[in-house]
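Trainee: Here are the chains, one letter per residue:
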Amino acid sequence: MDRIAQAFARAGAQNRAAFVAYLCAGDPDFDTSLAACRTVLACGVDLLELGVPFSDPLADGLTNQLAAQRALAAGMTCARVFELVRALRSDHPDTPIVFYTYYNLVFTHGVDAYVRAARAAGVDGLLTLDLPPEEAGEVLAAGQAHDLKTVFIVAPTTPDSRIPKITAAATGFIYYVSREGVTGVRAEMAGGIPEAVTRIRAHTTLPVVVGFGISRREQVSQVARSADGVVVGSALVNCIQENLGHPARMAARLGAVASDLAAGTAR
Amino acid sequence: MGAAAKTAEPLDRFSLPDAAGHFGPYGGVFVPETLMTALEELGAAYAASKADPAFQTELRQQLRDYAGRPTPLYFAEQLTRHCGGARIYLKREDLLHTGAHKINNALGQALLARRMGKRRIIAETGAGQHGVATAAVCAKFGFECVIYMGAVDMERQALNVFRMRLMGAEVRGVEAGQKTLKEAINEAMRDWVTNVRTTHYILGTAYGAHPYPMMVRDFHRVIGLEAREQILAQEKRLPDELISCVGGGSNAIGLFFEFLEDLAVRLVGVEAGGRGIRPGEHAARFAGGRLGVLQGCKTFLLQNADGQIDQTHSVSAGLDYAAVGPEHAFYRDRGRIEFEYATDDEVLEVFRLCSRLEGIIPALESTHALAYAMKRARELGPDRVIVVNLSGRGDKDVQQVERMLKKQT
Numbered sequence: 001m002d003r004i005a006q007a008f009a010r011a012g013a014q015n016r017a018a019f020v021a022y023l024c025a026g027d028p029d030f031d032t033s034l035a036a037c038r039t040v041l042a043c044g045v046d047l048l049e050l051g052v053p054f055s056d057p058l059a060d061g062l063t064n065q066l067a068a069q070r071a072l073a074a075g076m077t078c079a080r081v082f083e084l085v086r087a088l089r090s091d092h093p094d095t096p097i098v099f100y101t102y103y104n105l106v107f108t109h110g111v112d113a114y115v116r117a118a119r120a121a122g123v124d125g126l127l128t129l130d131l132p133p134e135e136a137g138e139v140l141a142a143g144q145a146h147d148l149k150t151v152f153i154v155a156p157t158t159p160d161s162r163i164p165k166i167t168a169a170a171t172g173f174i175y176y177v178s179r180e181g182v183t184g185v186r187a188e189m190a191g192g193i194p195e196a197v198t199r200i201r202a203h204t205t206l207p208v209v210v211g212f213g214i215s216r217r218e219q220v221s222q223v224a225r226s227a228d229g230v231v232v233g234s235a236l237v238n239c240i241q242e243n244l245g246h247p248a249r250m251a252a253r254l255g256a257v258a259s260d261l262a263a264g265t266a267r
Numbered sequence: 268m269g270a271a272a273k274t275a276e277p278l279d280r281f282s283l284p285d286a287a288g289h290f291g292p293y294g295g296v297f298v299p300e301t302l303m304t305a306l307e308e309l310g311a312a313y314a315a316s317k318a319d320p321a322f323q324t325e326l327r328q329q330l331r332d333y334a335g336r337p338t339p340l341y342f343a344e345q346l347t348r349h350c351g352g353a354r355i356y357l358k359r360e361d362l363l364h365t366g367a368h369k370i371n372n373a374l375g376q377a378l379l380a381r382r383m384g385k386r387r388i389i390a391e392t393g394a395g396q397h398g399v400a401t402a403a404v405c406a407k408f409g410f411e412c413v414i415y416m417g418a419v420d421m422e423r424q425a426l427n428v429f430r431m432r433l434m435g436a437e438v439r440g441v442e443a444g445q446k447t448l449k450e451a452i453n454e455a456m457r458d459w460v461t462n463v464r465t466t467h468y469i470l471g472t473a474y475g476a477h478p479y480p481m482m483v484r485d486f487h488r489v490i491g492l493e494a495r496e497q498i499l500a501q502e503k504r505l506p507d508e509l510i511s512c513v514g515g516g517s518n519a520i521g522l523f524f525e526f527l528e529d530l531a532v533r534l535v536g537v538e539a540g541g542r543g544i545r546p547g548e549h550a551a552r553f554a555g556g557r558l559g560v561l562q563g564c565k566t567f568l569l570q571n572a573d574g575q576i577d578q579t580h581s582v583s584a585g586l587d588y589a590a591v592g593p594e595h596a597f598y599r600d601r602g603r604i605e606f607e608y609a610t611d612d613e614v615l616e617v618f619r620l621c622s623r624l625e626g627i628i629p630a631l632e633s634t635h636a637l638a639y640a641m642k643r644a645r646e647l648g649p650d651r652v653i654v655v656n657l658s659g660r661g662d663k664d665v666q667q668v669e670r671m672l673k674k675q676t
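So the sequence lines, in the order shown, correspond to chains A and B. With the numbering used here applied, the first sequence closes on residue 267, and no number is skipped along the way. With the numbering used here applied, the second sequence closes on residue 676, and no number is skipped along the way.
No wet-lab data here; the hints were simulated from the structure. From a predicted model like this one, the values you see are computed outputs, not experimental measurements. We put the beta carbon where it would ideally sit given N, CA and C, even for glycine. Be careful, since some hints might not be right.
As the list claims (entries may be wrong) - Examples of chain B residues toward chain A, derived with CB under 7 Å:
#1 278
#2 297
#3 300
#4 304
#5 340
#6 456
#7 460
#8 461
#9 463
#10 559
#11 560
#12 573
#13 574
#14 580
#15 615
Make a model of the complete structure from these sequences and hints.
Mentor: Have a look at this one:
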């Protein structure tokens with residue numbers, strides 16, 4: 001079994017949903033970002049979703065936009081993102097790491113070369129926000145050739161008739177975005193999540209994770225009842241943003257928030 | 268003549284894009300999943316409207332009575348005399364209601380939105396011309412209207428901001444990145460992803476995910492259809508060259524489309540050379556860009572080695588954009604559309620010259636086409652004919668130019 005499947009199996013065996021944490025690679029700089037990743041990984045995270053900073057993140061809300069800006073301003077590049085993954089791999093050999101990225105960052109290096117390099121650095125999966133299955137031929141082929149898993153999104157606006165096309169393209173897991181909109185903290189949970197997860201499961205045996213707008217422990221608990229995994233991003237990125245220049249406070253806050261959210265995954 | 272195509276394949280202008288929105292290796296649909304169904308529905312609604320005589324009749328009437336079509340094809344006698352070469356004609360899209368060709372597309376998409384039952388409209392704008400056109404049609408059809416505009420552009424096009432607000436639009440300033448057109452599009456896409464069930468996005472140029480590049484092109488085809496008839500009536504022959512400025516490329520493809528298969532007619536798109544072809548100093552995608560994917564489609568982009576999108580610069584907000592419409596990229600590969608650029612300095616000089624000689628104040632965007640056309644006219648004999656798309660008027664630019672000229676002296 002690959003690292004992604006193992007992580008979901010482990011969580012399932014413990015009767016809980018997997019905790020998927022999103023952080024932006026290199027936010028606010030390489031060293032702090034590496035420390036932040038290690039902090040959350042020590043607090044019950046099952047799968048790390050690493051945002052690759054892009055100049056034009058059109059699916060992201062303000063929190064993640066600012067994180068990407070900080071990372072790019074601090075000199076984050078494709079090569080440095082791979083370096084970050086290699087550094088994390090040295091002390092977390094079993095935790096799956098999935099890139100959350102935009103297609104130009106993959107395409108510009110040549111899809112096959114990029115996927116091979118990502119796999120070699122220790123990346124397990126690729127979620128490309130602006131790449132629907134219809135345009136993903138090259139990524140699917142490269143993923144298969146180099147054993148990098150693909151992750152695709154189902155949205156509330158996705159009709160049933162489209163779901164098989166998406167599940168057929170995915171090899172890692174399915175990401176259900178719980179609401180129309182961009183990433184970010186929301187006070188209220190979107191409705192219809194259990195029904196959506198059931199609709200997706202009718203077409204695939206892959207794990208289904210739910211994200212977008214989930215930031216509190218009770219929201220995690222609610223989603224964990226129906227989904228295989230729960231993604232929290234902006235709530236963690238906020239811990240970085242609110243403690244810039246205070247590494248000890250940042251780590252303490254990140255650790256506390258991650259532990260609290262992780263505790264919400266129990267069913 | 269640069270008319271020899273690089274490929275022997277016969278050119279069929281109606282064969283593109285394919286059903287998935289591809290112009291050869293360019294175009295396509297690169298958007299978040301949330302938008303996929305909306306784009307499919309838009310494509311279907313557009314196809315139905317295209318085949319619906321009642322829709323086409325209403326569009327024609329609105330273009331005539333509200334927008335002011337047809338626009339004249341004007342022989343610019345003074346500019347021609349000044350250059351002492353080819354005869355220069357101006358396609359007067361600047362005379363349209365709201366001041367530029369943008370109204371052709373805004374009207375078309377507004378009728379489409381009404382047909383789809385969407386009563387909230389969003390749009391991006393750079394120079395403000397598309398925003399003004401969209402605000403106007405929203406006022407007319409009673410739609411809620413939100414326009415996204417970079418904070419830098421709001422400052423350099425303050426007059427257009429006021430016009431939009433006067434017509435009832437909400438103008439939202441965008442503070443991200445370099446605060447120009449690209450960031451406005453990002454923000455409009457974020458709004459659309461959030462409100463897709465109730466909202467139609469009137470994208471303002473022949474760019475983005477399918478069906479936009481095709482649909483926007485089609486709404487502007489009227490420019491070339493008219494120009495063709497007019498030049499045949501006035502000169503009794505086809506022109507030697509057509510010249511248009513290219514930001515996303517909507518006015519250019521609108522003029523060029525009806526001439527694509529007339530291989531003897533040279534087609535030239537003029538990009539923004541800014542302060543010169545150095546990273547961050549210009550917006551000439553074919554001079555400094557390479558293949559990439561941005562804001563919905565695959566095309567030529569100004570980007571760094573890592574795929575981050577470069578900053579751009581142009582004196583004209585409407586051309587200040589890092590990517591170019593996919594159909595232009597396709598026809599450039601075929602050698603059918605050629606690309607040149609004009610620098611800020613050249614544009615400022617011609618802006619003044621055209622105002623003085625013809626009594627026509629051109630938009631800074633359109634002035635790029637004019638600057639190259641004047642250069643080209645000097646190279647060609649008086650028996651040659653050039654048609655320039657004067658895509659917009661320069662009223663919006665006079666304050667900015669006044670400031671720049673003061674700085675120069």
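Trainee: Please go over all the hints and tell whether each is borne out by the structure.
Mentor: Taking the hints in turn, this is what the structure says about them:
{"no.": "1", "hint": "278", "in the structure": "26 Å, violated"}
{"no.": "2", "hint": "297", "in the structure": "5 Å, holds"}
{"no.": "3", "hint": "300", "in the structure": "4 Å, holds"}
{"no.": "4", "hint": "304", "in the structure": "5 Å, holds"}
{"no.": "5", "hint": "340", "in the structure": "39 Å, violated"}
{"no.": "6", "hint": "456", "in the structure": "5 Å, holds"}
{"no.": "7", "hint": "460", "in the structure": "6 Å, holds"}
{"no.": "8", "hint": "461", "in the structure": "4 Å, holds"}
{"no.": "9", "hint": "463", "in the structure": "6 Å, holds"}
{"no.": "10", "hint": "559", "in the structure": "5 Å, holds"}
{"no.": "11", "hint": "560", "in the structure": "5 Å, holds"}
{"no.": "12", "hint": "573", "in the structure": "5 Å, holds"}
{"no.": "13", "hint": "574", "in the structure": "3 Å, holds"}
{"no.": "14", "hint": "580", "in the structure": "16 Å, violated"}
{"no.": "15", "hint": "615", "in the structure": "29 Å, violated"}
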